[in-house]
Amino acid sequence: MTDETKAREDLVSRMLGPAGHEIGCEECFEQLDRYVELELAGRGADQEIPGMRAHLEGCPACREDHESLRALVVAET
Amino acid sequence: MTSRPSRATASESIQPTTEAWIEDLRSDGPERDEAIGQLHALLLRAARFEVHRRARAIGHLRGGDLDDLAVQAANDALVAVLAKLESFRGQSRFTTWAYKFGLLEASVKVRRLAWQGREIPLEPERWPRFADSGSSPHAQTERGELLGEISRAIETELTPHQREVLVALALNEVPIDVLAERLDTTRGALYKTLHDARRKLRQQLQLEESHD
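So the protein lines, in turn, are chains F and A.
Here the first sequence is numbered in the numbering used here, starting from 2 and rising by one per residue.
Here the second sequence is numbered in the numbering used here, starting from 6 and rising by one per residue.
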């Protein structure tokens, strides 16, 4: 995939967002700690909190917060 | 005298550590002061972790300024955690729950600082002509056509506010906290607008596809 094609793919993704059920930013923050612990324990985070994965795909700020919390919990344990 | 569970580290078993935090933070005695001090230290650790992860976005700041930013974030996060303490349901370790406040306060501060003084393009006329046909060998590709359809749907299907929010967040990649501050609204409200706009675009594209 060329850089230009990739840029277009990314732009289309940002414009249209994820398909399907998606929670909002408030609920994402509310559930973030539980989601990360379920993820790290391999206990079906996406099944337990439907719509979270889609929101993380669609919201760069929440995605960054998720990546940071996950990395911090891993670093601290 | 009963022995108190230790809250010292996150690697200990979940229940005693979390219970100790909650018990001490809800107490009236010196245990509360000590717990608040330790909570601030925990939040500062989270804030420093985040500030250093995102330091490239705010390259003009020096080490001392970065640490000041982390301390401010930890202070704000401490207020937020104490205000929300009663909403903690024990669905994760207390430390994981608290960390997210430290990270959030720090990440919002970093994003706002990175965009300080920068113009935020919102106007529809700033919509780039990324989908112009014939401008490059790639313009006739399937993705190019799809972008053209999206561009037209933005003009015809969205309200002016939805258009502004979509252009700022999805096209120009303005951080949502920055836009929320400039428009005097919340991250949640803006994301709802973005979500509604995206849904309209998808529906319009599906409609056009069904007519083809």
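Hints may contain errors.
[As the list claims (entries may be wrong)] Cβ-Cβ distance ranges computed for the label pairs, FRET-style:
| # | chain 1 | residue 1 | chain 2 | residue 2 | range |
| --- | --- | --- | --- | --- | --- |
| 1 | A | Arg94 | F | Asp4 | 44 to 54 Å |
| 2 | A | Val76 | F | Pro51 | 18 to 28 Å |
| 3 | A | Asp73 | F | Gly43 | 37 to 47 Å |
| 4 | A | Pro126 | F | Leu41 | 34 to 44 Å |
| 5 | A | Arg157 | F | Ala8 | 33 to 43 Å |
Just so you know, these hints were derived from the structure itself, not from any lab.
For each residue, glycine too, the CB sits at the ideal point set by N, CA and C.
Taking the hints in turn, this is what the structure says about them:
1. A:Arg94 with F:Asp4: 44 to 54 Å: Distance hint for Arg94 of chain A, Asp4 of chain F holds at roughly 46 Å.
2. A:Val76 with F:Pro51: 18 to 28 Å: violated, 38 Å
3. A:Asp73 with F:Gly43: 37 to 47 Å: Distance hint for Asp73 of chain A, Gly43 of chain F holds at roughly 39 Å.
4. A:Pro126 with F:Leu41: 34 to 44 Å: holds, 39 Å
5. A:Arg157 with F:Ala8: 33 to 43 Å: violated, 20 Å
Violated hints for the displayed structure, listed by number in ascending order: 2, 5.
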